[in-house]
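Using the sequences and the hints, build the whole thing.
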Amino acid sequence: MCGGRSHVATCDAGALATRRRLAIYGVPLRPTFRLLNTHNARGLTCVAPRGNRHAHKLCLTNTMANITTVPTKVFEGQKPGTSGLRKRVSVFEQEHYTENFVQCILQAIPGGAQGATLVVGGDGRYFSQPAVQKIVRIAAGNGVSKLIIGQHGLLSTPAVSHLIRLRKATGGILLTASHNPGGPNADFGIKFNMENGGPAPEAVTNKIYQLSTEIQSYRLVEGSDVDLSVIGSQKFANLDIEVIDSVHDYVTYLGKIFDFDAIRSFLQDGAFKVRFDALHGVTGPYARALFVERFGLDESTVQNCVPSPDFGGGHPDPNLTYAKSLVDAVEREGLDFGAASDGDGDRNMILGKGAFVNPSDSVAIIADWAQEAVPYFKGGIRGLARSMPTSGALDRVAKARGYEMFEVPTGWKFFGNLMDAGRLSICGEESFGTGSDHIREKDGLWAVVAWLNILAKANQDKPGTSVANLLQSHYQKYGRNFFSRYDYEEVDSAGAKAMMEQLRAKFSEPSFVGSQLGAFKVANAGDFSYTDPIDGSVSKNQGLFARMDDGSRIVFRLSGTGSAGATIRLYVEKYADSKGEYMADVQQALKPIIDAALQVSALQQHTGRDKPTVITVRCY
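Note that the sequence shown covers residues -6 to 613 in the numbering used here.
Source of the hints: derived by calculation from the structure; they are not laboratory data.
Warning: the hint list may mix true and false statements.
Stated by the list, open to error - Calculated pairs, DSSO-like style, for lysine-lysine (alpha carbon to alpha carbon, straight line, at most 27 Å):
1. K455 x K371
2. K490 x K604
3. K490 x K72
4. K371 x K249
5. K455 x K266
6. K371 x K161
7. K72 x K127
8. K66 x K200
9. K317 x K346
10. K72 x K266
11. K161 x K200
12. K470 x K584
13. K450 x K249
14. K249 x K266
15. K499 x K584
16. K346 x K584
17. K228 x K139
18. K450 x K371
19. K127 x K317
20. K514 x K533
21. K392 x K470
22. K490 x K584
23. K392 x K200
24. K470 x K317
25. K266 x K450
26. K514 x K455
27. K161 x K127
28. K604 x K514
29. K371 x K470
30. K139 x K346
31. K200 x K127
32. K228 x K161
33. K490 x K533
34. K392 x K317
35. K533 x K200
36. K450 x K572
37. K514 x K572
38. K127 x K66
39. K127 x K228
The structure is reproduced here in structure tokens:
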């Protein structure tokens, strides 16, 4: 609406590919209209971006900026972590709450928001669309020059990271709570990524939090909602808005990283059966563009690929518990390869016939094959890195191949510093996150396509090579790090904190080293601290660990990715270099160290939980 008069305009006829993609998103296709009223005292902008095969010509009113300053109040707890700010939807729906946080983000941008270009998008969860409209209004009120927004507000986290770097944007605002459930009674989240495409460092997140404790007002421009359904350029006050195809740039980029021809040739005859599960998250349209359009596979190779605000009523976390329909399909149909990704597309799970690939092994195998199988790495590997809780499987690849190796705290921002300094190529964390320096976020689809590229190469060398074969050959070469993670979700926060405080005190006692813990003797223990080799910053209290004299290890962390209560993560690891042990049942192999961990932590007594919510390992 402008001056009380309605202006309806959309695109030229055509752009069939884009209309098809709209259908994939589950958006009803409306007919193509002609401009009904072109009279506008404030001007009318009609733009068709050049060089974009998906572009529509869009004509929308250009309203002059009238900035409004809105008084507000401070909300407690708007402290973002690496994963941004995550709360229940009902919290974000409070009057002023979302506006406050967006205002603080814009004020915390190094160099300021004036003249900035920002990428905006997310996983499409409930409340995403209203949040985008709020961001538009506040961006206009703070002098932002341009917003690049995914069609329907949809962009995977890896796609945002890529677009920031591709467009040389100031940063990006991501609307996601990643693998957390969605819906009106579930979770929402907002995070800010920097100009390198990676999560904001602590200096910026601390600034956002500081501003949130002092905020008295926010600035915006009132106006009608921006149309996010049509690709093209438009104006909102003095703010340039470009709505883009959410899929095209990212998938094109993957085509430059991997050997799509080799993958397509390997999969074409249908003998190697694959299935991808998007869990109703944002990766559905990306996966379809890859598996169906690029690799020429049948529609049946992708499932749950229409993004849904509540993720189809499911939990968009790609693990054995929440991706059960995929696990069942792999077993029931005898599929050779199964893969899943989370709500925002930065995590992955890899399965094979009779084989589950734990994330620690996944990054190790990718790193071992990368130079041979993946074109992007033909020039060499600069370094490898893993988060502290992740098993030492990657360390063994680094040592054997002479790659520099880093152990960092949990959080992708620590990898980003190393990448920007040119010292890191491939990295991963045990929470189903794997990636490389192609962007500055973990990347679920990147990992899936990496596995397909490796399988294509392995089958070229030895036809019939399966996922299980790749795992066993890796163990034969490097030994096996038996590893599992146990998540106790939404436990009482007070009980969880009491448990961690007790453990911290015990692990710091001089007498604890050398003591007996069940069948194990403690070699060293403590609270993990990391000094960044690039900027010298120190990160303390990153997870409690106890390493045994046989190399076995237990780690305890409180996760910051939940929105309610606390999540305790327990990690257990045992290394075996005897070939007779490689086929052992994982839970049986780990049972002695698990028992020791439960004993020393008194976890059940502190939390009342006698079993975990999620176990990230599968036994065959």
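Verification of the supplied hints:
1. Pair hint K455 plus K371 holds up; C-alpha atoms about 21 Å apart against a cutoff of 27 Å.
2. This hinted pair checks out: K490 and K604 have alpha carbons roughly 18 Å apart, not beyond 27 Å.
3. The hinted pair formed by K490 and K72 meets the criterion: a straight-line CA distance of about 19 Å does not exceed 27 Å.
4. Under the criterion of a C-alpha separation no larger than 27 Å, the hint pairing K371 with K249 is consistent with the structure, at around 12 Å.
5. Of the pairs offered as hints, the one joining K455 and K266 holds, with about 17 Å between alpha carbons and a cut-off of 27 Å not exceeded.
6. Restraint check for K371 and K161: the C-alpha separation of about 26 Å stays at or below 27 Å, so the hint holds.
7. For a cut-off of 27 Å, the pair hint linking K72 to K127 stands: about 20 Å separates their Cα positions.
8. Proximity of K66 to K200 is assessed by CA-CA distance (about 18 Å); at most 27 Å being required, the pair is judged to hold.
9. Distance check on the hinted pair: K317 and K346 sit about 15 Å apart at the alpha-carbon level, within 27 Å; holds.
10. This hinted pair does not check out: K72 and K266 have alpha carbons roughly 45 Å apart, beyond 27 Å.
11. With a CA separation close to 23 Å, the supplied pair K161 and K200 stays within the 27 Å bound.
12. For the proposed pair K470 and K584, the alpha carbon gap of about 25 Å is at most 27 Å, so the pair holds.
13. Restraint check for K450 and K249: the C-alpha separation of about 17 Å stays at or below 27 Å, so the hint holds.
14. Between the alpha carbons of K249 and K266 the distance comes to roughly 24 Å, so the proposed pair stays at or under 27 Å and holds.
15. With a CA separation close to 22 Å, the supplied pair K499 and K584 stays within the 27 Å bound.
16. Distance hint between K346 and K584 is fulfilled; the C-alpha atoms sit about 25 Å from each other, no more than 27 Å.
17. Taken as a hint, the K228 and K139 pair is honoured in the structure, with Cα atoms around 9 Å apart against an allowance of 27 Å.
18. For a cut-off of 27 Å, the pair hint linking K450 to K371 stands: about 14 Å separates their Cα positions.
19. Annotation: proposed proximity of K127 to K317 is violated, straight-line Cα distance about 36 Å (limit 27 Å).
20. Of the pairs offered as hints, the one joining K514 and K533 holds, with about 25 Å between alpha carbons and a cut-off of 27 Å not exceeded.
21. In summary, the hint linking K392 to K470 is supported, as the alpha carbons are separated by about 13 Å, within the 27 Å threshold.
22. Between K490 and K584 the alpha-carbon distance is near 25 Å, which keeps this suggested pair within the 27 Å criterion.
23. Simply put, K392 and K200 have alpha-carbon atoms about 39 Å apart, too far for the 27 Å limit, and the pair is violated.
24. With a CA separation close to 31 Å, the supplied pair K470 and K317 exceeds the 27 Å bound.
25. Distance check on the hinted pair: K266 and K450 sit about 16 Å apart at the alpha-carbon level, within 27 Å; holds.
26. Annotation: proposed proximity of K514 to K455 is violated, straight-line Cα distance about 43 Å (limit 27 Å).
27. Distance restraint check for K161 and K127: the Cα-Cα separation of roughly 24 Å lies within the 27 Å cut-off, and the hinted pair is therefore satisfied.
28. Distance restraint check for K604 and K514: the Cα-Cα separation of roughly 25 Å lies within the 27 Å cut-off, and the hinted pair is therefore satisfied.
29. A threshold of 27 Å between alpha carbons decides the hint, and for K371 with K470 the separation of about 22 Å falls inside it, so the pair holds.
30. Of the supplied pair hints, the one linking K139 and K346 is violated, its CA atoms being roughly 48 Å apart against a limit of 27 Å.
31. Using a Cα cut-off of 27 Å, the hinted pair K200 and K127 holds, with the two alpha carbons roughly 21 Å apart.
32. Proximity of K228 to K161 is assessed by CA-CA distance (about 21 Å); at most 27 Å being required, the pair is judged to hold.
33. A C-alpha spacing of about 17 Å is found between K490 and K533, which places the hinted pair at or below 27 Å, so the restraint holds.
34. Simply put, K392 and K317 have alpha-carbon atoms about 36 Å apart, too far for the 27 Å limit, and the pair is violated.
35. Restraint check: the Cα-Cα separation between K533 and K200 comes to about 19 Å, which is no more than 27 Å; the hinted pair holds.
36. In summary, the hint linking K450 to K572 is supported, as the alpha carbons are separated by about 25 Å, within the 27 Å threshold.
37. For the given pair, K514 sits about 24 Å from K572 by alpha-carbon distance, which is consistent with the 27 Å threshold.
38. Distance restraint check for K127 and K66: the Cα-Cα separation of roughly 17 Å lies within the 27 Å cut-off, and the hinted pair is therefore satisfied.
39. The hinted pair formed by K127 and K228 meets the criterion: a straight-line CA distance of about 15 Å does not exceed 27 Å.
Checked against the numbered hints above, the structure breaks hints 10, 19, 23, 24, 26, 30 and 34 and satisfies the rest.
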